[in-house]
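Colleague: Residue numbers for the sequence shown follow the working numbering, beginning at 5 and rising by one.
For the record, the hints were derived by calculation from the structure and aren't laboratory data.
Quick caveat: nothing in here was measured; it's all calculated off a predicted structure.
Just so you know, even glycine gets a beta-carbon here, dropped at the ideal spot from N, CA and C.
Warning: the hint list may mix true and false statements.
Quick list of the computed label-pair ranges, beta carbon to beta carbon [stated by the list, open to error]:
1) Asp-56 / Lys-95: 22 to 30 Å
2) Ser-108 / Lys-147: 24 to 32 Å
3) Ala-110 / Lys-147: 23 to 31 Å
4) Ser-7 / Arg-130: 14 to 22 Å
5) Asp-23 / Glu-142: 24 to 32 Å
6) Pro-69 / Ala-15: 28 to 36 Å
7) Glu-142 / Asp-56: 29 to 37 Å
Think about it this way: if two alpha-carbon atoms lie no more than 30 Å apart in a straight line, the pair counts; the simulated DSSO-like pairs of lysine-lysine are [what the hints assert, rightly or not]:
8) Lys-95 / Lys-137
9) Lys-137 / Lys-92
10) Lys-95 / Lys-147
11) Lys-34 / Lys-92
12) Lys-147 / Lys-34
13) Lys-34 / Lys-137
14) Lys-95 / Lys-34
15) Lys-137 / Lys-147
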Amino acid sequence: MASVHFYTLSAQRYESAGDVLNVVCRLTEKAVGHQHEVYIHTSSPTQSQQLDDLLWQFRSSSFVPHSQMAGSGSHHDQVILGDSPPPKSFKGMLINLSSAPVGSVAQFSRVNEFVGPHEASLIIGRERYRHYKAQGIEIVTNKI
Numbered sequence: 005m006a007s008v009h010f011y012t013l014s015a016q017r018y019e020s021a022g023d024v025l026n027v028v029c030r031l032t033e034k035a036v037g038h039q040h041e042v043y044i045h046t047s048s049p050t051q052s053q054q055l056d057d058l059l060w061q062f063r064s065s066s067f068v069p070h071s072q073m074a075g076s077g078s079h080h081d082q083v084i085l086g087d088s089p090p091p092k093s094f095k096g097m098l099i100n101l102s103s104a105p106v107g108s109v110a111q112f113s114r115v116n117e118f119v120g121p122h123e124a125s126l127i128i129g130r131e132r133y134r135h136y137k138a139q140g141i142e143i144v145t146n147k148i
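Can you build the whole structure from these sequences, using the hints too?
Modeller: In C-alpha cells, the structure reads:
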C-alpha cells in the first residue's frame, strides 16, 4: 500500500504560497532524478499555470520538463500538471495541492501532501492527516 508523506513548512523559512510551490519543484526534480512518474494535482488552473512557469525556471542550472493535463486525455510525460484528479491509469507519485484529500491512495506509488505555515493550511493539513489515519494508511511526516 502507498504511504502518504506530509511536508510541513516552518514559518521561519517559508512565508508565502510561492514558497510551497518552490518546495514542490524541488521534490519534483528529485523524483524525476530517480525516474519516478509524477502527477501534480493543483488546486486551480491558475496554480497549474504558476507551477508550469516555475518548473521551467526555479533553478538557473536546470528545468523540469513537464506537460499540463487538459481534460481527461492522457499524457506520457514524466511530470504532468492538472487541476483535476489524475487518470485512473496513472500509478506513479502524486503531489496533491488540491483542497481535498486523495480518495484512492492505493492507486499511487506514493502521495505527497504539503502543509504551509499559516493557520488555514494547518487546519486543512490536520483534517487530511486524520482522513488518512482513519483509513489505516501509513503516514510519514517531514518538517522542512
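Colleague: If a hint holds in the structure, say so; if it does not, say that too.
Modeller: Status of the hints after comparison with the structure:
1. Asp-56 / Lys-95: 22 to 30 Å: Given range 22 to 30 Å: holds, Cβ gap about 23 Å.
2. Ser-108 / Lys-147: 24 to 32 Å: 27 Å, holds
3. Ala-110 / Lys-147: 23 to 31 Å: 26 Å, holds
4. Ser-7 / Arg-130: 14 to 22 Å: Between Ser-7 and Arg-130, where Cβ atoms are some 18 Å apart, the hint holds.
5. Asp-23 / Glu-142: 24 to 32 Å: 27 Å, holds
6. Pro-69 / Ala-15: 28 to 36 Å: With Cβ atoms ~33 Å apart, the hint holds.
7. Glu-142 / Asp-56: 29 to 37 Å: The hinted range 29 to 37 Å holds for Glu-142 and Asp-56, with Cβ atoms some 31 Å apart.
8. Lys-95 / Lys-137: With Cα atoms ~21 Å apart, Lys-95 and Lys-137 stay inside 30 Å; holds.
9. Lys-137 / Lys-92: Between Lys-137 and Lys-92 the Cα gap is close to 23 Å, so the pair holds against 30 Å.
10. Lys-95 / Lys-147: 26 Å, holds
11. Lys-34 / Lys-92: 24 Å, holds
12. Lys-147 / Lys-34: Given pair Lys-147, Lys-34 holds - Cα atoms ~17 Å apart, limit 30 Å.
13. Lys-34 / Lys-137: Given pair Lys-34, Lys-137 holds - Cα atoms ~27 Å apart, limit 30 Å.
14. Lys-95 / Lys-34: With a Cα-Cα distance of about 18 Å, the restraint between Lys-95 and Lys-34 holds, given a limit of 30 Å.
15. Lys-137 / Lys-147: 18 Å, holds
Consistency note: the structure conflicts with none of the earlier hints.
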